[in-house]
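Peer 1: Now for the letters of each chain:
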Amino acid sequence: MGWKVKANDRAYHQLPEFQKKVFLCIKKSRYSGNAIKTYKYNALTFIPLNLYEQFKRVANVYFLALLILQIIPDITTLPWYTTLIPLVVVLGITAIKDLVDDLARHRMDKEINNRKTEVLLDGRSEHTQWRDVQVGDVVRLKKNDFIPADILMLSSSNPNSLCYVETAELDGETNLKFKMGLRVTDERLQGVHELADFDGLIECEEPNNRLDKFIGTMLWNRERYPLDLDNMLLRGCKIRNTDVCHGLVIFAGADTKIMKNGGKTRFKRTKIDELMNYMVYTIFALLVLVAAGLAIGHTFWYDQIGAKAWYLFDGKGYSASHRGFLSFWGYIIVLNTMVPISLYVSVEVIRLGQSKFINWDLQMYYADKDTPAKARTTTLNEQLGQIEYIFSDKTGTLTQNIMQFKKCTIAGRSYVVKQMEKADLSARVFQPVDWSWNRYADKMFQFMDHSLVATVRSGKDKDAMEFFKLLSLCHTVMVDEDMVYQAASPDEGALVTAARNFGYVFLNRTQDTITIQEGDKENSYEMLALLDFNSDRKRMSIILRFPDGRIRLYCKGADTVIYERLSAESKHTKSTQTALDIFANETLRTLCLCYKDISAGEYEAWERRHKEAQVVLADRDAALDRVYEDIEKNLMLIGATAIEDKLQDGVPETIAKLAKADIKIWVLTGDKKETAENIGYSCSLLTDDMQIHYGEDVKSVPLVHIQSAPPLHLVTYFFTYSGSYALQVNLNHLTHGPCVDFVDMACECEAVICCRVTPKQKANVVSLVKKYKKAVTLSIGDGANDVNMIKTADIGVGISGQEGMQAVMSSDYAFAQFRYLERLLLVHGRWSYIRMCKFLRFFFFKNFAFTLVHFWFSFFSGYSSQVNWFITLYNLCYSSLPVLLVGLLDQDVNDKLSLRFPKLYLPGQQGSLFNYKNFFISLFHGIFVSLIIFFIPYGAFLQTMGQDGEAPSDYQSFAVVTASSLIFIVNLQISLDTSYWTFVNCFAVLGSIAIYFGIMFDIHSAGIHVIFPAYFTFTGAASNALRQPYLWLTIVLTVGISLLPVICIQFLSKTIWPSVGDQVRSRRESTHIRRGHRRLSFSPRSSGQNERKTPVANGSHRQSDGTRTSS
Amino acid sequence: MDSNYIENQEVENRPDNTAFTQQRLPAWQPILSAGIVIPLFVLVGLAFIGIGVALFVTSRNLHVLEMDYTGVEKTSPCFSCSDPIKQKNCKCSLSFELDKLFEGPVFFYYGLTNYFQNQRAYGVSKDYNQLSGDLDYFTFFFSIVPDSTCKPYRYDVNNKPIVPCGSLANSMFNDTFNLYQMKNGVKEEVPLDGKGISWWTDYNIKYRNPSVNPLRNAFNGTVKPLYWSKPAYELDPTDTANNGFINQDFLVWMRRSALPNFRKLYRRITDGLPAGNYSLEISYNYPVIAFDGKKKVAFSNVSWMGGKNEFLGIAYLVIGSLCLVMSVVMLIIYHWRNSSPDAN
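If you read the sequences in order, they're chains A and B.
Be aware that the first sequence starts at 1, since it is given in full-length UniProt numbering, and climbs by one per residue.
Be aware that the second sequence starts at 1, since it is given in full-length UniProt numbering, and climbs by one per residue.
No lab work stands behind these hints, which were simulated from the structure alone.
Note that beta-carbon positions come from the ideal geometry of N, C-alpha and C, so glycine has one too.
Hints are supplied without guarantee of correctness; some may be wrong.
[Said to hold, decoys possible] Calculated lysine to aspartate or glutamate pairs in the DMTMM-like style (CA-CA distance at most 20 Å, straight line):
| hint | chain 1 | residue 1 | chain 2 | residue 2 |
| --- | --- | --- | --- | --- |
| 1 | A | Lys177 | A | Asp132 |
| 2 | A | Lys4 | A | Asp482 |
| 3 | B | Lys224 | A | Asp314 |
| 4 | A | Lys374 | B | Glu12 |
| 5 | A | Lys369 | B | Asp156 |
| 6 | A | Lys356 | B | Asp16 |
| 7 | B | Lys151 | A | Asp482 |
| 8 | A | Lys316 | B | Asp156 |
| 9 | A | Lys177 | A | Asp619 |
| 10 | A | Lys308 | B | Asp83 |
[Said to hold, decoys possible] Chain B side only, calculated, beta carbon under 7 Å to chain A, not exhaustive:
| hint | residue |
| --- | --- |
| 11 | Ala19 |
| 12 | Thr21 |
| 13 | Gln22 |
| 14 | Leu25 |
| 15 | Val37 |
| 16 | Asn118 |
| 17 | Pro152 |
| 18 | Thr201 |
| 19 | Pro210 |
| 20 | Leu265 |
| 21 | Met305 |
| 22 | Gly307 |
| 23 | Met326 |
| 24 | Ile333 |
Please model the complete structure; the sequences and the hints are all you need to start from.
Peer 2: Given below as structure tokens:
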């Protein structure tokens, strides 16, 4: 059943046939009211729902399970507060955040629902709140009103039922768009009474989230009228330049397209996230194993010793195995710190910090447009350091997307000017055309060929006149009162502006006429049909009735599609093709222009079919395409245009730098092969020493070869060449080809350019590489056609450029210029990755070292478990801040060096800084340190007495010694791992140790014991223990043994197998020293010798010494 | 200046140019270069060896005399007492000989082995409120006090609360010792000082007697721990101030040990022990054979570093030497690496 809306009939929509079941037998109309509800909770549901949401996270459930275990008296080994406090803190912070968000949503909803609009009810217009608007109501909208629902436009105060809307809130685009009412409704429904009597029945598609599509029909007075998106005013837009318009509410509230669009975005996760999860599972498995082992130990111990120890009698009479079972759960509780729950919170904090740093970066701020870089998601930063493939759009991404009409070919004659070599070279000859004769001319427009102006002005060359007439007529550009063109695409804007300068001035457009000024005359052309552009058709046509009654079709489009449809009589095809090739070689964007005269009879026949296709409900697009195809044939070629789109600043350098970082760059463009290839060269994606393979050849030779051989041979096949490869693929050849082979082959190449690709194909290419190469991919683009690919890739980058905001809206990172990508990846990405890896490694280590001390102690305490406040505070206060700061601030080398040595990026791609190997190293490091922390004090405590004869070997002193050693070791270890020492780090490390001692002395103080005698039982332990020099010596020894081997191993591995980073750092060090030398000795020769000896990271050390050391 | 002015007008989105936001905080970027690591190892090695020598020598000069009196072997003087059947008020004595002066102060310890005072359930089996002298916790009150951790030593069969309750107190060590020097065949008692053998904080803060005078009134309606022969307020008949929860022996016992083999301070002998023959009379009450434990007595004197323990000194010496060795190894590797042609 389709969606049916009856005008001015609220009761109709409550009919039983439109009811849907909501719950059991409660039924509700399927038409939503216009009130929206974006909030999640209300006062009653907040606590249960929010808790439910939060307990969807495994970590919280784990915590809860622990808490429950701790409440069971037979099992509990830890006081309940050790788990409850962190859990409450974590839940509380999240809940407060959610609450604040939701309150904001409540406010927003209320504000929006209470907005006023005018509704026609019972023949009168009434001011109503948005929430009370219903489907089928007729509403009146005034200038600058927000549109309250998805509305079918009926009439407007503007001539020809036009209405301008601003869609910024919907898609972020700021150029005005026009909407048109049906002519029939506009004519008959101007007054209030007519509108009140309007009883049309609209049948259309069900509510959906497609902003670019609407199909429906209107049944009124027994006639059917086609409806499409041009008739719809969508909620979220704003009425502009239109005094009043009327419309019929089709979708309200939750059914509107903007609300349907506000759905969930696809959740992207990083590789490290996945790895981290697996590691947490590994740790959990380990925990269960350890706890089980200790439980078995306890069983045996009880059997052998515990049962006989009369002093341990507890009157419970459990068997040894029962006790073992209980102690298993007890150990799960005690060792729970091995599964680092605070990890997730800390990781979020670090990522948030990294995102902020990206937002704050001045060097990614584009002053011309006042656009800073923006990290729109905060969860992907470290992935930026692991990119292997970049998929880039061309137009607007590599280029500026500021189009300029540069050249053209008309009737086989090219109006081409040699490129201006240098401004100073014979400036007189290349004086731009003077436009003073044309009062409409755009002064910014420059053209070099004077002869063309002369030709056009003379009015003798029919083809040239036709050429510019076409440009001024065949487009979808809007014009406002000040003669400023509003073009949806910059290409069109450039072409219409060109025509304007050459004397064919587009003046005005109504629903079915276009008025232009030709020379001195103003002519209106009746627009019979507009065959719009889309990325599959790659052309647009317009059918016009000339003032003299002739009917003519104008068409412009990509050369491939146009040439297929040219009439056999068409002249100049060869010469135009040659010119097109030349243009393409100069990286210009080309369009072919052509026309066709249509007889009245032919047109009428076609129009009937067109009308039919327009009212088709199912698959209307395809039906229209077929009809369009019928008329767009036997075209006569006029000529072709060439538009220049300049490269953005710094693109070649950026691409070269990224290529050096072993990032493979694929350019996916809609351009033709030659243009794409030349762009490739000009942005140094392709270089002269590369061997270029074209997709066609690839298809004919290797694919055949491959299909008979297993894919493995492919690699060898490609390696038989020497040198570098670049592959150019026309994806049309590949739609049915074997994907694996294509990907394998393309990935062998250093650079790949895919031309003539549609948005869907772009996304397909990305997902192919993701699927078969398991590589981390990044897509970068600026237009709506890149949205697919941006969403598909692991990381999507949007460039806020000329083409609106859709790409940015769906991206993860956004900035204004392609060249910032270099900094985003090589600096921010690299840092984020290194920081996150360091953080994770250390975090795991620190928790292992801490938890496993319990493990060792268990062997000496009859496998029973012990604890105190320390567990609660360890992760919270004593050890988290320094490592968090390392995760936020650490830099192994500064940004200048990481940009200068792209090879520094490689460890990220290989994922070599955090993987299972590192995890196990952390594990073993933790085991080692925990062994030291336990057994050194053990040895020292075994038989000894204090200075004053009291035996210090009591449990509490032992705890103080191990805990202090642990705090020292952990904080000093992070100090060792910190490579970027700011005063904040210093403060944090010293602060953590100070806080530890502060809190310890507090908890162990007399005062707190007097107040809570049952909870703080360590009274005096710290002061008694730390009075003993012997125990201090034990701590020093423990710390020494834990740290010295690490220093030694680090030094040796750095000396024997230096990494790129180490080399760069030691180079920097030696540069510093060298600078010092030079200042002292003024001996350039000795510094030269030094340089030769210094290890060099890669070939990019060509800069002079001065610039390198300027950092 | 002009252009700056214009720029400033339309740059509301411009990020702040501070050292923090631009990640240019002044920083020190240390690297583990040979110039740091190798001298560090040498210095640490030397320092550790120095400490090790000091510890080792000090420890060597300390004397420890330890004797087992469990009485497992038939030849042992306490063998008869170890028989669980006639345990009551058994006495035995150990004789030993000192051939030179045991310098004072000498500390007299008792030691237990295979005794798990660090068991969790055992360790928490006490009521801190009770032990801090809160009379509310001396009574039976709806099975809430004393603390439930005291089970099964919480109430006696008549539901009277046990004070002090719990396993830890219940199992207090109750052997007593008297030391005699044999001077010409005459036993002369060596004075043992039992004052101040517990922690100051335990004695003054953590454990308090109820402020009831006389103390025994506070214990009305309570019973003594099942294994005790005397109630808490009569632990030391010689000194009325040394009773209740602040009895020194009680405090020493309640400070539970970290490891299953431990010593606890029993008495102090301030003037030391002159050379000669001694006899240690033991009233043997505490059963340990059931769980394969051992009972020991030990005499020791202490220094600045505490009692005799060679572990730490040796450990320091070993680690210090290893540091020196490693510094040499690192030096060699570093030189080999830097002189080899493929250093790049």
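Peer 1: For every hint, state whether the structure bears it out.
Peer 2: Tested hints:
1. Annotation: proposed proximity of A:Lys177 to A:Asp132 is violated, straight-line Cα distance about 28 Å (limit 20 Å).
2. Straight-line distance between C-alpha atoms of A:Lys4 and A:Asp482 comes to about 41 Å, which puts the hinted pair past the 20 Å bound.
3. A hinted pair counts as satisfied when its Cα atoms are at most 20 Å apart, and B:Lys224 with A:Asp314 qualifies at roughly 18 Å.
4. Using a Cα cut-off of 20 Å, the hinted pair A:Lys374 and B:Glu12 holds, with the two alpha carbons roughly 15 Å apart.
5. Simply put, A:Lys369 and B:Asp156 have alpha-carbon atoms about 85 Å apart, too far for the 20 Å limit, and the pair is violated.
6. The hinted pair formed by A:Lys356 and B:Asp16 meets the criterion: a straight-line CA distance of about 12 Å does not exceed 20 Å.
7. Straight-line distance between C-alpha atoms of B:Lys151 and A:Asp482 comes to about 93 Å, which puts the hinted pair past the 20 Å bound.
8. Note on A:Lys316 and B:Asp156: the hinted pairing holds, with a Cα-Cα distance of about 16 Å set against a maximum of 20 Å.
9. Simply put, A:Lys177 and A:Asp619 have alpha-carbon atoms about 25 Å apart, too far for the 20 Å limit, and the pair is violated.
10. A distance of roughly 16 Å separates the Cα atoms of A:Lys308 and B:Asp83; the hinted pair therefore holds under the 20 Å criterion.
11. The criterion of a C-beta within 7 Å of any C-beta in chain A is not met by B:Ala19, whose closest approach is roughly 9 Å, and the hint is violated.
12. Proximity of B:Thr21 to chain A holds as hinted, the smallest CB-CB distance being about 4 Å (cut-off 7 Å).
13. Taking 7 Å as the C-beta contact cut-off toward chain A, the hint placing B:Gln22 at the interface holds, the least distance being around 6 Å.
14. About 4 Å separates the beta-carbon of B:Leu25 from the nearest beta-carbon of chain A, less than 7 Å, and the hint is met.
15. With a cut of 7 Å, the hint placing B:Val37 at the interface with chain A holds, because the nearest CB-to-CB distance is about 5 Å.
16. At its closest, the beta carbon of B:Asn118 sits 4 Å from a beta carbon of chain A; the interface hint therefore holds under the 7 Å criterion.
17. The restraint placing B:Pro152 at the interface with chain A holds, with a minimum CB-CB distance near 3 Å, inside the 7 Å limit.
18. Of the supplied interface hints, the one on B:Thr201 holds, with its beta-carbon coming within about 3 Å of a beta-carbon of chain A, less than 7 Å.
19. For B:Pro210, the shortest C-beta to C-beta distance to chain A is roughly 13 Å, which exceeds 7 Å, and the interface hint is violated.
20. The beta carbon of B:Leu265 is positioned within 7 Å of a beta carbon in chain A (closest approach about 5 Å), and the interface hint is therefore held.
21. With a least beta-carbon distance of about 5 Å to chain A, the hint placing B:Met305 at the interface is held under the 7 Å criterion.
22. With a least beta-carbon distance of about 3 Å to chain A, the hint placing B:Gly307 at the interface is held under the 7 Å criterion.
23. Annotation: B:Met326 was flagged as interfacial toward chain A, and the flag holds, the nearest CB pair being 5 Å apart, inside 7 Å.
24. Interface restraint check for B:Ile333: the shortest CB-CB distance to chain A comes to about 6 Å, inside 7 Å, so the restraint holds.
Against the hints set out earlier in the document, violations occur for numbers 1, 2, 5, 7, 9, 11, 19.
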